[in-house]
Every structure is written in C-alpha cells, then in structure tokens.
Amino acid sequence: MAEPDAIRLAQQGDAAAFERLYQLHSRRVYSLCLRMVGNTAEAEDLTQEAFLQLFRKIATFRGESAFSTWLHRLAVNVVLMKLRKKSGKETSLEQVTEGDEEAGTPRRDFGAVDIELTGSIDRVNLQRAVDQLPPGYKSVFVLHDVQGYEHNEIAEIMGCSIGNSKSQLHKARMRLRDLLHEAVRAKAREERRAAGSSSGGEV
Amino acid sequence: MNTIGCNEFLDRLGDWMEGQRPAEAHAHLRTCSNCRALAGDLDAIQQTAHSIALDEEPSPRVWLAVREQLEQEGLILPDRHVPAHGSASWLDVVFAAIPRPVLAGAYLAALIAVGAALTGPGRSRLDDARWLSGTENSTQPLSAQLDTAEQDTFSALKNADPVVAASLQKNLAIVDNYIALCEKSVREDPQDENARDYLYGAYQQKAALLAQMSDRGDFGR
Chain A
206 MAEPDAIRLA QQGDAAAFER LYQLHSRRVY SLCLRMVGNT AEAEDLTQEA
256 FLQLFRKIAT FRGESAFSTW LHRLAVNVVL MKLRKKSGKE TSLEQVTEGD
306 EEAGTPRRDF GAVDIELTGS IDRVNLQRAV DQLPPGYKSV FVLHDVQGYE
356 HNEIAEIMGC SIGNSKSQLH KARMRLRDLL HEAVRAKARE ERRAAGSSSG
406 GEV
Chain B
140 MNTIGCNEFL DRLGDWMEGQ RPAEAHAHLR TCSNCRALAG DLDAIQQTAH
190 SIALDEEPSP RVWLAVREQL EQEGLILPDR HVPAHGSASW LDVVFAAIPR
240 PVLAGAYLAA LIAVGAALTG PGRSRLDDAR WLSGTENSTQ PLSAQLDTAE
290 QDTFSALKNA DPVVAASLQK NLAIVDNYIA LCEKSVREDP QDENARDYLY
340 GAYQQKAALL AQMSDRGDFG R
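Chain order of the listed sequences is A and B. Going by my numbering, 265 is the number at position 60 of the first sequence; the sequence numbering is gapless. Going by my numbering, 193 is the number at position 54 of the second sequence; the sequence numbering is gapless.
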C-alpha cells in the first residue's frame with residue numbers, strides 16, 4: 206500500500222493503513238528519539254507517543270507539508286516536551302528556535318590549540334556530549350548532522366527560518382567542540398592523577 | 140592569491156561546513172593554526188555524527204501499544220475476524236480451544252506458589268523454567284493448528300493470482316518474523332506477562348491473516 210493510499214485509508218480508520226504508516230516511518234522516528242534521549246526504553250515510549258499523536262490528528266492532515274515532515278515535527282515536539290519535564294524548564298519548538306539558547310553572538314575566542322579532537326572523537330563520547338546540549342541545539346544537530354535532514358526540512362519541522370536552523374547548528378557544533386575538549390582534558394587529568402598515585406605508591 | 144583574516148574566516152565558517160570552501164579560506168587555514176584546528180575539529184564532529192545515525196526498529200511492543208490505545212479510543216476498529224460460514228470456522232475452533240497465556244499463567248502461578256513454598260521467596264531460574272514450559276505447553280497446540288491452517292492455505296494458493304499470492308506470503312513472513320521475536324522475548328523473560336501477551340497477540344495476528352486469506356476464496360483469480 207502506497208503512502209498516499211495509507212494516509213487516506215487511515216483517515217477513515219482503517220487498521221491496516223495505520224500499521225502501514227507505522228511500518229514506513231517507525232525506524233526513522235525511533236532513531237531520532239533514541240539519539241535525542243540516549244535511552245532505548247525512553248525512546249520507545251516517545252516513539253509510541255509520537256505515533257499516537259499522529260494517528261489522533263491524522264484526520265486533520267491536508268497534505269500542505271510532506272507527511273514525514275509533519276510526523277517528525279510531532280516527534281520532535283514530543284521529545285522536547287519530555288526533556289522539558291525532565292529539566293523542569295519550559296521548552297517548546299517555538300522557544301528553542303526563537304533566538305539563541307544563550308544570549309549573545311557566537312564567541313570569537315575559540316581557544317588556543319592545546320588539543321586537537323581529530324582522532325579522539327568516538328561515537329560514545331560524541332553521544333555523551335550530545336546528551337549535554339540544550340534541547341534546541343540538540344534537535345537541530347541530530348536532525349542535520351546525524352539524521353541527514355536539509356536546513357529547509359529542519360526549518361519546516363522546527364517551525365523556524367532556514368537561517369535560524371543554520372545558526373543553531375553552528376552553535377551546537379561549537380558547544381560540542383567545547384564539551385569534547387573538556388572531556389579530553391578531564392580524561393588527561395584523570396590519567397595523570399592515576400599515574401601519579403601509582404608511582405607515588407611504589408616507594 | 141587573496142587571503143582572509145580570522146574574523147572573516149569565522150564569518151564564513153557556516154558556509155565552510157556546508158561545503159563552500161573557496162581558495163582564500165584554504166589559504167587562511169594554511170597560515171592560521173587556530174582556525175585550522177577549529178575547522179578540523181568541526182569536520183571531525185560532523186563525520187562522527189554521521190556514524191551515530193541508526194537504522195533500528197523499535198521493539199514490537201511499541202506498535203502493539205499504539206494499536207491497543209487506538210482501539211480503546213475507538214480510532215481504529217479492532218481487527219477481529221467475523222467468521223463467514225465454513226471458510227474461517229477453524230479460527231473459532233483455534234481460539235475457543237486454546238486458553239490465553241494469561242489464563243494459563245494463572246494456572247502456572249499456582250504451580251509457582253507451590254514451588255515458592257519449597258524454594259523460598261524470590262525469582263529463580265527454576266521459576267523461569269516452569270513459566271517457560273507452561274507457556275510453551277499452552278501455545279504449542281495453537282502453533283500446531285496454525286501450521287496446519289497455513290499448509291491448507293498454501294495449497295489453495297497454488298491456483299491464486301501470483302501477485303496476490305506473493306503479497307499474502309510476504310505478509311505471512313512478516314507475522315512469522317514477529318512471532319519469532321515474541322518467542323525470543325518469552326524465552327528471555329518467561330515470567331514477563333507482557334511478553335506472553337504479545338506472543339499470544341502475534342499468534343492471533345497470524346490467525347487473523349490466515350482467515351483473511353481463506354476469506355479471499357479465489358485468491359484474486
């Protein structure tokens with residue numbers, strides 16, 4: 206069953222059509238949720254919530270935007286609401302895309318070259334750093350650099366301008382760079398401490 | 140060759156990361172170690188980000204939960220088969236004869252209560268073995284009857300429209316795969332009531348699919 210037929214039939218309450226839509230989109234939505242929250246059980250709950258919201262509203266879908274964009278907008282909103290509850294702060298698509306998450310323009314003092322990240326970034330420490338990003342930065346970074354969306358698609362999903370999407374992405378990468386540098390420095394300190402204590406113990 | 144300063148390079152950094160890399164920006168990087176390190180780091184982040192993209196499916200429980208909720212809210216009708224005369228009567232027989240694993244679970248709970256009296260409180264491998272064996276005892280007859288129904292259906296499919304037959308076989312393969320996943324979940328955690336319920340639901344899906352195939356009668360001829 207092709208997607209347009211599935212959408213039309215789902216709008217009439219057809220069970221098989223709902224399942225078809227779920228089959229078509231569940232992997233991408235789940236991957237997005239998983240990269241946003243970093244936890245499989247939570248990502249499954251969010252996937253479930255996103256599809257429930259989708260199917261509850263499917264009768265109102267008029268095809269102004271691509272179905273997948275509409276679904277991903279719902280999914281991102283569900284994730285942001287979840288992150289808001291976790292952090293206790295208000296976070297919505299509008300808030301995270303209106304202006305900067307931090308006041309001011311990107312800083313220009315990008316630091317002396319004490320450590321280069323090339324070769325020291327792996328999937329684990331990158332995901333750890335992504336987990337620490339503010340929600341808006343995280344959404345744009347995951348959508349663009351991880352999931353491969355274009356800025357015009359992200360603008361539609363997030364309800365912001367293309368310029369805003371580009372700006373948020375740039376700031377997200379800069380923040381990640383800081384976080385990764387900090388992680389590398391912390392690891393180096395830890396290794397020095399361990400080396401010092403072991404050599405101190407060998408009297 | 141024209142070259143640019145750090146400020147101008149930073150202004151263009153967004154474009155640089157989008158792949159717009161003019162000669163003057165390259166020239167600047169050759170002379171500025173700080174900007175070179177920054178661009179290198181951002182490239183490394185971008186490349187590693189691609190590698191953390193996933194293409195994984197959520198577990199079957201997600202769709203089942205979505206579907207159950209939608210049914211409860213009346214947004215979709217439960218996919219219950221309404222038996223026609225003759226063609227799907229085996230389905231009624233299957234489900235009338237086989238108790239739900241949850242019901243079988245109640246029986247098993249009594250066994251476990253006896254076991255607990257002997258072995259003490261707590262979860263043990265022995266309990267798992269009893270639950271697993273109980274679930275298998277209750278589902279194996281169901282599985283066997285579904286296998287028979289499947290063979291009958293495939294016999295009828297010999298004369299079917301090849302396109303329709305291929306589509307039905309594909310759907311059946313999906314359901315069989317789902318059953319295998321549910322069986323794996325039950326084996327991993329035999330005491331998980333949800334896992335047993337999902338397994339039952341998976342068998343039910345297969346039964347409903349076979350019933351629909353039987354209802355097609357001439358299979359598209």
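Any given hint could turn out to be false.
[What the hints assert, rightly or not] Taking CB as the label site, the calculated pair distances span:
id: 1; chain 1: A; residue 1: Gln332; chain 2: B; residue 2: Asp182; range: 16 to 22 Å
id: 2; chain 1: B; residue 1: Asn298; chain 2: A; residue 2: Asn357; range: 50 to 56 Å
id: 3; chain 1: A; residue 1: Gly364; chain 2: B; residue 2: Thr142; range: 16 to 22 Å
id: 4; chain 1: B; residue 1: Glu327; chain 2: A; residue 2: Arg261; range: 40 to 46 Å
id: 5; chain 1: A; residue 1: Ser273; chain 2: B; residue 2: Asp182; range: 27 to 33 Å
id: 6; chain 1: B; residue 1: Asn173; chain 2: A; residue 2: Asn357; range: 40 to 46 Å
Calculated directly from the structure, the hints in this document are not laboratory data. Every residue, glycine too, gets a C-beta built ideally from N, C-alpha and C.
Hints and how they fare:
no.: 1; hint: Gln332/A <-> Asp182/B: 16 to 22 Å; in the structure: 18 Å, holds
no.: 2; hint: Asn298/B <-> Asn357/A: 50 to 56 Å; in the structure: 52 Å, holds
no.: 3; hint: Gly364/A <-> Thr142/B: 16 to 22 Å; in the structure: 40 Å, violated
no.: 4; hint: Glu327/B <-> Arg261/A: 40 to 46 Å; in the structure: 33 Å, violated
no.: 5; hint: Ser273/A <-> Asp182/B: 27 to 33 Å; in the structure: 29 Å, holds
no.: 6; hint: Asn173/B <-> Asn357/A: 40 to 46 Å; in the structure: 32 Å, violated
Taken one by one, the earlier hints fail for this structure at numbers 3, 4 and 6, listed in ascending order.
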